[in-house]
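Following the hints, position chain B against chain A.
Chains as they are written, first to last, in our numbering: chain A, 12 to 87; chain B, 90 to 751.
Calculated from the structure, these hints are not laboratory results.
Model, not experiment: these values are computed from the prediction.
Quick reminder that beta carbons are idealized off the backbone N, C-alpha and C, glycines included.
A couple of the hints might just be wrong.
Claimed, not checked - Result set (DSS-like, lysine-lysine): computed pairs, CA atoms no more than 25 Å apart in a straight line:
#, chain 1, residue 1, chain 2, residue 2
1, B, 725, A, 35
2, B, 466, B, 725
3, B, 288, A, 30
Unchecked claim - Far from chain B by the CB rule (all over 12 Å, computed), these chain A residues:
#, residue
4, 12
5, 13
6, 18
7, 21
8, 53
9, 83
10, 84
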Amino acid sequence: MKLNQINLDDVVTILSVDKDASIKRRLFDLGFIPGEEVKCVLMSPAHNPVAYEINGSVIALRGVDAHHIEVAYERN
Amino acid sequence: MREIKVALVGTPNVGKSTIYNALTHNHEHTGNWSGKTVGVSKGECEYLDTLYHFYDLPGTYSLISKSREEVVATDFIVFAEFDVAVVVCDATSLNKGIGLVLQTKEICKNVVVCINLIDEAEKKGIHINYSLLEERLGCKVALVSAKNKKGLDELLMAIKTSKEQAYLDVDYGVLNETIRDITKTIQTSKYNPKWIALKILENNAYYIQQFKELGIIQKEYEVSLDYDVHLEVVLHMSKRVKDILKDVVTYDNVHYNDKMRKIDKILTSKIWGIPIMLLLLFLCFYLTIVGANYPSDLLFSFFSSLEKYIMMGLEAIHLPNILVDLLVNGVYKTLYWVVSVMLPPMLIFFPIFSFLEDLGVLPRIAFNMDHTFSKCKACGKQALTMCMGIGCNAVGVTGARIIDSKRERLIAILTNVFMPCNGKFPSLIAIITCFFVGFHHTWGSLLCALILTGFILLGIILTFLVSFVLSKTILKGEPSSFTIELPPYRMPKILDTIFYSIKNRAIFVLGRAVKVAIPAGVLIWVIANVYIHGLPILNYLINALNPVGFLLGLDGVILLALLLGFPANEIVIPILLMCYLNSSTLIDMDNLNILKDILVSNGWTIKTAICFILLFMYRFPCSTTLLTIHKETGSKFYTLLSVLIPLSMGIILCLLVNYIFL
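Bound-form chain A, shown alone:
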């Protein structure tokens, strides 16, 4: 599942970030690193961009960018 497909208040874990995405480095900097937990906290009026809580900060991403991030619901 991709990060842009999750619903408001969902908590997921990042599995991977698209290797070839031009925004990869920026995503890493912002904390979108495999193994980290992400929560979808806020939708903009048009539901794009969407804001995610990661590592204690809130970061907004556009759908196309969030699409580069593969996530899964936590298993335990």
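Okay, now just chain B, sitting in the frame of chain A:
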């Protein structure tokens, strides 16, 4: 006296600039959003027989990336001469900060960690075991609450007593062996060989070139690994951060952000998001209009009462009459006109605006508006530059540096003038009051603010339209990515906000306006007082402009005033009055009733007023903004475009109003 050079490093929104300001009393403006500092600023402070030189680097999330701020910051840490690097962290999200600390410790040997916002962390129930952190990091940790000026002395002491440490040695797992092999081939005592090896491994062309030029990298490396080097680096770094912070940070109450989220949900909701933003804009205008009226009149009568004394003084030192006339009726009059019209609204508008900025509202506006910008193939951060443009277009143009993509930055710069700046408000308000609201309306100010908001709305629509057209033509391209941090709301210190926004912004903008008002005053005096064949130059100019003026629903006088207002938007209406009344000096407009009478007797109707407002709002950027655009784009072509685009929009709108609608 001992001197220490200190580099201030930190992620955006940690209050780095606040610390810098508190220490150096330099007071650059801080805002609660990322990318406020783009260049490196320098300031000094003296404490206990030591002179500290501070270098405030742009906020950066990491020292690994390639965005503009990051390169500026990394370059400084790697190559500049300084003694201590202070990494400022946010106590409420220590994770991010410690990552940056580790990256800094890989590059530089003397690091002090400064943890800011400790009060806020305490309030949110976040506890940090500082001595354990100090032990694990192997460097000094200073606790600060910059807003309340707490812990700054301790920070200075920590900087002074900090000793050199070993470079940080991170375990990069599968990369270790290759790193070791490359490190062996690098000879340097000034830089960390391991960090250089990492850059070679990452195939970072920029730093490879830099170190080649320094003679430190002497051969070509053919490294091909099956791993994603960047991912490995990031993963191991983040593991190290987690190890360090294990048991260091504990939370009382994990839901400390709930209240803020509730506010955010309303501010960004589908129904309320956009209306609330417009309401905020309207409120800003309303307060400005209501508050500025009286002080403006007061300043005006004060300055004009000084006029005769200045004249007497100048005559007393036997200056030639013509020079006295030039200085008093040309320069002084223009000058005080600009000051009394501009100063009061700025003193009200800028603090309100700074308050919203410090509170953290601006990133939410960008968040709400990004979708429309992405449809125009532009960047949501353009919304931030537009907000700044309402304060001053030159500031908005410079602020466009926060946009990473060059194409999107140019769009933001070229469209910034569609947001009318503060200097235009008083004239707009005067014309709106005269022709749309009337004078004795109970809800006058309210209605006036409403109409003004409407015109701003038109500016926003034009911004979108022009951005879209630019993206399809001259600045063709797809939108790049958009990421923005929504920082927690932080209640600013009201008095500080008022004081610094006046000191840094209002006085700055005013100073610039005064500088251009002086030559403008001379020019206006010359064209009104130099006669050719018995008529002042002014009359010839007006006659020449009349045909074009009539075409646009205006007249030659209005066009001339708009042209002469190029250095400062505030003097457009005074010039207008001067021409209508055949006077050789600017006319005092102490009463809007008189203004309306003069305008109406010269043929103004509501249609003229609308056309005037449109062309006044959209003609060309003022001289300062134009210079800034040239500086920022480095291109004559884009500077010219920044004139042609608004000018053609203004003319088209005037023609439309003149020939189709009315």
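Verification of the supplied hints:
1. 725/B <-> 35/A: 35 Å, violated
2. 466/B <-> 725/B: 24 Å, holds
3. 288/B <-> 30/A: 19 Å, holds
4. 12: Per Cβ check, residue 12/A is outside 12 Å of chain B; nearest 20 Å; holds.
5. 13: 15 Å, holds
6. 18: 14 Å, holds
7. 21: 14 Å, holds
8. 53: Incorrect as stated: the minimum Cβ-Cβ distance to chain B is 5 Å, not above 12 Å.
9. 83: With a cut-off of 12 Å, residue 83/A remains clear of chain B, as the shortest Cβ separation is near 17 Å.
10. 84: Residue 84/A clear of chain B: closest Cβ-Cβ about 19 Å, beyond 12 Å.
Taken one by one, the earlier hints fail for this structure at numbers 1 and 8, listed in ascending order.
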